[in-house]
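Chain A is fixed; fit chain B onto it per the hints.
2 protein chains.
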Amino acid sequence: MINKKILEMIKKYLEMYKTIETKQVEGTSEFLKVVRQEYRLGMGETIIRDHIVKPNLTGSAVVVLPITKEGKFVLVIQPRVLTKNGALVEVPAGYIEPGEDPFQAALRELEEETGYRGSELVLIKDYYQDQGCMQAFNHAFIAWDCEKRTDQHLDFDEHIQYFEATYEEVLELVEMGYIIDANSLLTIEFAKPYVTGKTHEISNNKKIF
Amino acid sequence: MINKKILEMIKKYLEMYKTIETKQVEGTSEFLKVVRQEYRLGMGETIIRDHIVKPNLTGSAVVVLPITKEGKFVLVIQPRVLTKNGALVEVPAGYIEPGEDPFQAALRELEEETGYRGSELVLIKDYYQDQGCMQAFNHAFIAWDCEKRTDQHLDFDEHIQYFEATYEEVLELVEMGYIIDANSLLTIEFAKPYVTGKTHEISNNKKIF
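Chains A and B, in that order, give the protein sequences.
Mapping of the first sequence onto our numbering: position 173 corresponds to residue 416, and the numbering continues sequentially without gaps.
Mapping of the second sequence onto our numbering: position 91 corresponds to residue 334, and the numbering continues sequentially without gaps.
Chain A with its partners taken away, still in its complex shape (with noise of 0.2 Å):
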């Protein structure tokens, strides 16, 4: 069973960053743009197909699930203003940024939202994450051996808390539908066999810090 506090801590947060009021504005989006191109195929045919640019283009973000010294997992609550609930709780993950590599990525991503750092990044799966309509090839990581380091670095209008698990708490969280997003889940479900230790690492896909 899930820890009282930890889920009335949660529920809290989800109470705080959830909508309450919603208004259309104008303006043109900095942050998404759609494109159309043309697209000749092997079989000859041309298609036109639009789909969409996000700040760093191709929109390839970074999903690092931490796990401290202690094997406690680290996961954040934040506002998700498109869903239901208008809050969730994941596994932290940001966008690649213009020349970052995903290990880099997920080092910066998981330092800013949380202040955790690890000894050690394993990259446990790559997937496309909307291939209809963009190109976002995201990277799926496990970062071992966390400590909390520094504060967390939050844009302005950014609001994330951080919390830690125990492992049979993160799958309760699956359970109960309170992570609900492909890539957490994703995340969470290709960690297994490195978790309950069945997978030992492959030395390239992993570097140490």
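It cannot be assumed that every hint is accurate.
No copy is singled out in the list; a pair is fine if it fits within one copy or between any two copies.
Using 25 Å as the maximum straight-line C-alpha spacing, the simulated BS3-like pairs for lysine-lysine come out as follows [unchecked claim]: (1) K368 / K261; (2) K449 / K391; (3) K368 / K327; (4) K266 / K450.
By construction, these hints were calculated from the structure, which means they are not laboratory data.
Just chain B, lined up with the frame of chain A:
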């Protein structure tokens, strides 16, 4: 080991469907729009966020893992111009149309893309596909006892090749990186306890046809 003929067939279609030339074209997208809204949060603060609106507004999709009476799995190959290889092997999927419930959409999409129809649809998982920039709340299904009933019903510029594979071959295609998108991977992962007989379906998540 995966059947050689299946692998050759997959490679042939990936080659046919891949992009060999790309060019920018003019025109406004009817398919993807960006909307800007202001949100007041429970904690009092107001934030502005942009999001993507798809043809069915939310962009919610269904993903359907079809299993035949003989225990084979039906997969699709299609052009995916936004990916590195230009084409992917996937679990059948598509957008929920206005007025449809997820079960209706699953039945329709499966039939359109493959011509197969199942006698029982089981909803195995709901999840947000990309909660930072769209509302899409997807639904993953297993369609049991599928049979080939009709021809495919494809749009004029849609190309989809379907094929049957064993469960071991499906897992191998994941392992080999041929199946590499979030929707297909999540559906195959969450189907595992059902396919291996460890989970019995909950009756209100199931519809029989």
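Status of each hint after checking the structure:
no. : hint        : in the structure
1   : K368 / K261 : between (31 Å within a copy, 23 Å between copies)
2   : K449 / K391 : within (21 Å within a copy, 45 Å between copies)
3   : K368 / K327 : between (28 Å within a copy, 16 Å between copies)
4   : K266 / K450 : neither (45 Å within a copy, 38 Å between copies)
In summary, the one numbered hint that this structure violates is 4.
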